[in-house]
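Spelled out from the first residue to the last, the chains are:
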Amino acid sequence: MSTTDIILQQLANGLIMGSFYAMVALGYTMVYGIIKLLNFAHGDLYMVGGFVGFLILSAISSLLGESWTAIVCSMVLSMLAVGMLGVIIQRVAYRPMLTAPRLSILITALAVSMILSNGVMTITDGEYMAFNTDLGFDGLDFGNVFISYTQLALVISASVLMVILYLFVNKTLYGKAMRAIAIDQDACKLMGINVNKIIALTFFIGSSLAAAAGVMAGVYYGSLHFSMGFVIGLKAFTAAVIGGIGSIPGAMLGGLLLGLLEAFGTQIPFIGSEWKDVFSFGLLILLLILKPTGILGKTEIERM
Amino acid sequence: MQTKKMTALVGGALAGLLMLSQANAADLKIGIMVPTTGSEATAGKDMENSIKLAVNEINKAGGVLGMNVVTITGDDGCDPQMATSAASKLVSSDVVGVVGGYCSGATLPTLKIYGDAGTPFVVAAANSTKLIDANPGTSFQINSTGFDQVNTAVNLFQSKGIKKLAIVHQGDGYSEDLAKLTKEKWTAMGLEVVAYEVVNKGEQDQSSLVTKIKSKAPDAVFWTAYYSDGALLIKQLRQAGFRKLIAVGDGSNSPKLLEIAGKAAEGVFCFSNPTADYLPAAKAYTASYKSNYNQAPDAYGPLAYDGMKLMADAITRAGSTDKAAIVKALKETKAFNGITGAVSFTDQNTLAKSNFVVLVAKGGKWALNK
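Residue numbers (our numbering), protein chains in the order written: chain A, 607 to 910; chain B, 10 to 379.
Quick caveat, the hints were computed from the structure, so don't treat them as lab data. Note that the structure is a prediction, hence the values are computed from the model and not measured. Note that beta-carbon positions come from the ideal geometry of N, C-alpha and C, so glycine has one too. Heads up, a few of these hints could be off.
What the hints assert, rightly or not - Each pair of labels, with its calculated beta carbon distance range:
no. : chain 1 : residue 1 : chain 2 : residue 2 : range
1   : B       : A293      : A       : G671      : 41 to 49 Å
2   : A       : K795      : B       : G180      : 46 to 54 Å
3   : A       : L758      : B       : A226      : 55 to 63 Å
4   : A       : I891      : B       : P289      : 17 to 25 Å
5   : B       : K169      : A       : S765      : 41 to 49 Å
6   : A       : G749      : B       : T46       : 56 to 64 Å
7   : B       : G180      : A       : P875      : 37 to 45 Å
8   : B       : K253      : A       : K904      : 31 to 39 Å
9   : A       : K904      : B       : K374      : 56 to 64 Å
Unchecked claim - Here chain A is said to cover these stretches of chain B; the calculated rule only asks that three of the stretch's residues, wherever they fall, bring their Cβ under 8 Å from a Cβ of chain A:
no. : stretch
10  : 208–216
11  : 247–261
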């Protein structure tokens with residue numbers, strides 16, 4: 607492989623990793639933007655999404671076979687189910703805490719995270735589950751640079767979902783309400799906006815995006831485990847902070863940036879791959895020193 | 010009625026006691042130290058079952074030195090503290106020898122207790138290299154150690170004509186150790202390790218690492234850690250078009266690896282301690298295990314079975330139940346033929362010849378590499 611090949615291949619790797627980070631980061635950033643909560647359970651929703659998708663796929667594959675149609679169906683159904691789960695969590699665990707001190711709701715989020723991951727651990731006996739879809743190894747082959755159709759499909763579906771979200775938030779009335787609540791909740795109430803409904807909607811969208819990413823990860827990597835939400839939750843949170851937490855384009859940008867940094871961090875000559883996180887996080891710290899609000903973040907008075 | 014029943018019960022119990030004490034006169038007491046409770050209880054029970062299977066066969070064939078073999082089980086709970094009290098219990102019950110040892114951490118502190126009592130101890134499963142240094146001279150390890158796995162791996166790579174090796178571990182004690190030992194051995198032979206890499210535990214995407222490995226053009230990739238992330242690495246290596254040899258260490262010896270990696274795992278090599286499925290000599294053992302316990306033997310059953318047979322063999326050769334004589338006989342073991350292979354010992358009381366086997370993935374199953 608020539609240096610150009612390596613750079614191009616790592617660019618592709620970084621974009622794929624980055625798409626996952628971005629999709630999960632969106633949920634963090636949307637929830638933070640609207641109720642200033644760091645939803646630590648978000649990574650676990652990604653995990654639950656993967657498992658729900660797996661269950662649905664096993665159930666419908668007898669009807670549709672393990673085709674792309676079946677995968678898309680299970681992804682959509684998993685998005686709906688986990689979206690609903692997100693709304694239920696919001697209703698049960700977070701809404702009663704909205705007026706409580708910030709730290710209380712943060713701890714509630716940690717509890718929800720533990721309930722979800724330990725619940726799935728109990729159900730699955732802590733076992734790894736194989737998500738077996740034979741998607742094959744075909745793809746676009748540019749000599750030494752190779753992108754499989756699965757990877758291509760991942761990046762495309764992630765982009766489509768993100769574009770839909772962007773349009774929804776910026777072009778619809780509900781999106782406008784969301785943005786308004788992010789600015790001032792009390793004023794929104796006075797203007798006759800159903801704040802609770804919009805908050806629930808935000809949770810629904812954020813959770814279903816995480817579920818979509820979870821199903822994609824299951825299909826792409828082929829295995830599911832109750833702890834799989836932890837690492838990606840951490841990384842996606844980082845991505846959201848880099849992009850400027852609260853900003854939707856920021857989360858997308860932060861996710862892609864983190865993915866690319868990691869991909870190239872692995873390849874740095876003379877140091878082993880164990881330093882890739884040191885490299886990427888080092889650069890991120892530098893960025894936050896220079897611009898503490900993140901790339902697209904706005905300065906806020908209230909800080910946690 | 011009630012009193013009659015009681016009398017009958019007491020009478021029965023007394024008769025039982027009498028029989029027991031009578032039997033004791035000509036009994037040869039062997040201790041079994043395995044975890045029968047706690048997280049590792051399944052493996053421990055399997056070893057206990059296998060040892061008892063061996064004892065039944067020995068007794069049917071006339072016992073050892075004309076004596077009937079009886080066993081006493083000490084539960085080490087895979088915990089160093091429980092293990093020390095189990096060992097003390099066995100020593101004070103005057104066993105002439107002990108077979109067992111599953112968890113290395115729990116086995117470690119017991120070596121001194123047996124050593125102080127002069128009791129010979131055949132360590133059937135535990136294989137940490139720390140046990141070698143802590144051995145007071147009375148313990149004998151019949152499971153291959155980490156060094157043996159390295160030798161098995163290096164032999165396989167050489168037989169496949171590999172020159173440039175890539176090693177990937179996970180940064181934990183076990184996998185890093187195996188990776189380091191392999192690297193040292195490989196470079197000492199004048200061969201090249203072109204990539205020595207780490208995967209973070211639980212990180213699903215390893216594509217950037219795969220690209221890096223591919224760019225170094227190794228002839229083989231050796232994964233030294235566990236099956237879950239190993240399966241992902243194999244899958245992603247194959248997806249990226251890496252068609253050369255992939256081998257995985259014994260931590261990846263699981264059917265789950267094949268299930269998760271699917272087609273990508275075909276032809277992957279795996280190093281494994283000798284389990285019943287892959288041992289041609291273990292057919293009779295497996296059959297009798299199944300008929301006695303209604304289940305298939307687990308990973309360390311054959312070694313535990315061999316351990317008991319070896320102990321009986323050594324006592325026969327010693328010609329007495331004197332502990333020092335048995336230790337001497339164990340040390341002098343020359344090619345004892347167990348179901349896991351021939352056993353003889355080095356100066357450090359470890360296996361002179363590794364009993365690690367090489368498996369290869371064929372049609373979604375592990376099979377012995379021939």
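Status of each hint after checking the structure:
1. B/A293 with A/G671: 41 to 49 Å: 45 Å, holds
2. A/K795 with B/G180: 46 to 54 Å: Once the Cβ atoms are compared, 51 Å apart, the range 46 to 54 Å for B/G180 and A/K795 holds.
3. A/L758 with B/A226: 55 to 63 Å: Cβ of A/L758 to Cβ of B/A226: about 26 Å, so the range 55 to 63 Å is violated.
4. A/I891 with B/P289: 17 to 25 Å: 59 Å, violated
5. B/K169 with A/S765: 41 to 49 Å: Roughly 43 Å apart at Cβ, these two residues keep to the hinted range, so it holds.
6. A/G749 with B/T46: 56 to 64 Å: For B/T46 against A/G749, whose Cβ atoms are near 59 Å apart, the range 56 to 64 Å holds.
7. B/G180 with A/P875: 37 to 45 Å: 21 Å, violated
8. B/K253 with A/K904: 31 to 39 Å: 51 Å, violated
9. A/K904 with B/K374: 56 to 64 Å: With Cβ atoms ~58 Å apart, the hint holds.
10. 208–216: holds (count 7)
11. 247–261: holds (count 4)
The structure fails hints 3, 4, 7, 8 (numbered hints given earlier, in ascending order).
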